[in-house]
Amino acid sequence: MNEVFKIGNEAVVMDPSIEAVPFLKNADENFTIQSIRPSGKFIPRFQTAKDSGLLENKAHESLAMLFKCELCARKCEANRFQKKGKCGLGDKTFYHVPFIHVAEEPVINPALVINFTGCSMNCVHCVRQVQSKKEIHSETAEAFWNQISGTLATCPNVCSLEFAGGDPNPYIPWILTCLKYSPDSIFLPLIWNTNLFVSDKGLGLLDGLVDVFLPDFAFGNDACAKRLAGVEGYMLAAIKGIEAMVSQKAKVIVRILVLPGHVDCCNKKAIDVLSRYHDSIFISILDQYVPVHMAAKYPEIYRRPRREEIQMVEDYATQKGLKNVLAASDFWTR
Amino acid sequence: MSRAITFRFCESASMKFMAEQGLGDVICQDMRERTDISMPIEIKCNPEGILVKETQFDFVPEMNARSEGFPQIRFSRKGVMTFIEIIIPNPSENDDVRQPVVSERILQPTPAAVKQEAEPSKEDSLDSEFVGYDIPELMEFSLEPGLSDAIKALEAGKEDFSLQGLTDFDIPKALPAPEEDFKINDIMEMLRKKKEREKVRVKAKSN
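Protein sequence lines, in the order shown, are assigned to chains A and B. Be aware that the first sequence starts at 1, since it is given in the numbering used here, and climbs by one per residue. Be aware that the second sequence starts at 1001, since it is given in the numbering used here, and climbs by one per residue.
Just to be clear, a hint being listed does not mean it is correct.
[To be verified] Facing chain B, from chain A, some residues (calculated, C-beta under 8 Å):
1) E3
2) F5
3) V21
4) L24
5) K25
6) P106
7) I239
8) E243
9) V290
[Unchecked claim] Residues of chain A placed beyond 10 Å of chain B at every Cβ, according to the derived structure:
10) F31
11) F187
12) R255
13) D264
14) H278
15) S284
16) Q288
17) L322
18) K323
Think of the hints as simulated: they come from the structure by calculation, not from any bench. No residue lacks a Cβ here, since even glycine has one placed at the ideal position from N, Cα and C.
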């Protein structure tokens, strides 16, 4: 949270919170917290599911899955009550202190973000590896919601509740259990910020609960995904993941991080895939890549993306008919 | 992944940006003096985020950057903001025969320790900081005031020296989590074991 990565003449502010606003205004006097909110009649899906009993059933089903875990595309089938899965996670839950993010896409901004630790992918440029690792561990849903309520009290204009990471998918059972006990007063859209190395079973547990899926489409081919994230079968998992998210009738914002040296093989290929769903999804193109963690081992990504690379990705997405969420003032009324 | 904000500056604005964060005075001065601004530098700040020491490398040794896989990054803090400078080196063609030449300046004395300015020299080694241990992968941390004090305390026979206060950046895996207190002997023992493993690895490689 509030990390400023400075490389040459560029500075990338990661996870800017409310406390960073004076700094941001100092850097850019025109900075404002942009927000496009759902109407006052908006009802989060998880609250409806809580009333109908759907959430109870999903939570119960998800807990059973921990005995033979297939929550992500690795499908390692680990009994996480006895040993850790390939994601490195067992049956305990670790997350960073919830904070209010002030620079998400306007339609979900500002967002109360809960970053869970651990991930099913091992990206060599993962920025989480160099961020503060102060984690907290919560045993009870009551403790979790006390933290959330306390954070919300500091900023009544929060627009969304965002589960992020790492990746939140390995924690689905715990999150659904927490949602069962959510206060009725939490009336925020539920945002699921995930990588696309997901499983049909994991996503199936979220059906009817998530208001906005916010996946990262990181790679455009299996070879780059294997080389830079250590995963097999990325494209199949990503495509099935997009299809599942779209089929759930949730809103979907796909993020594309411009990856230096990989515009043609990854970013554009991802856009090609997404163009099939251009009526059903929004995209958000991110220019925030920083060469951290193990990036120095891979010469082509050991730099910031050039402006022309960022422009190429933006132009290609427009050419393919994809809707940029930054221009979607009618996002919540579609 | 969450969304971030990217700022782009012209060079003078970049210096001004860093200066306003309390990190810029010496950086600005050095960048003005330096003809090659792509030279990697190592910046140390005290807990208040005030620049206290700067080390210049004329290039980054292969094993410190490329082979280890970690870019050179430096942390400092001011208020709620953490600043992470990523230094991407510009190695010369003769990397395999040159040794790193290091010069360092103390810019503000810390309560803990003050080092005299070292003359750049091929014979100069950072080993002296570790009482004879050559741990090149820790070179970038070797002049950390807290650790320097710990070494001095060990030399003085003070074994129960807390290393709390080391910043919580990505310390190499040889060291435990930064939030915990350590006995200095535990740290030195781990460093010795790491050194032994390195010797075995180098020997196996040469065989």
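Status of each hint after checking the structure:
{"no.": "1", "hint": "E3", "verdict": "holds, 5 Å"}
{"no.": "2", "hint": "F5", "verdict": "holds, 5 Å"}
{"no.": "3", "hint": "V21", "verdict": "violated, 10 Å"}
{"no.": "4", "hint": "L24", "verdict": "holds, 7 Å"}
{"no.": "5", "hint": "K25", "verdict": "violated, 12 Å"}
{"no.": "6", "hint": "P106", "verdict": "violated, 10 Å"}
{"no.": "7", "hint": "I239", "verdict": "violated, 20 Å"}
{"no.": "8", "hint": "E243", "verdict": "violated, 22 Å"}
{"no.": "9", "hint": "V290", "verdict": "holds, 6 Å"}
{"no.": "10", "hint": "F31", "verdict": "violated, 8 Å"}
{"no.": "11", "hint": "F187", "verdict": "holds, 22 Å"}
{"no.": "12", "hint": "R255", "verdict": "violated, 7 Å"}
{"no.": "13", "hint": "D264", "verdict": "holds, 22 Å"}
{"no.": "14", "hint": "H278", "verdict": "holds, 22 Å"}
{"no.": "15", "hint": "S284", "verdict": "violated, 7 Å"}
{"no.": "16", "hint": "Q288", "verdict": "violated, 4 Å"}
{"no.": "17", "hint": "L322", "verdict": "holds, 17 Å"}
{"no.": "18", "hint": "K323", "verdict": "holds, 17 Å"}
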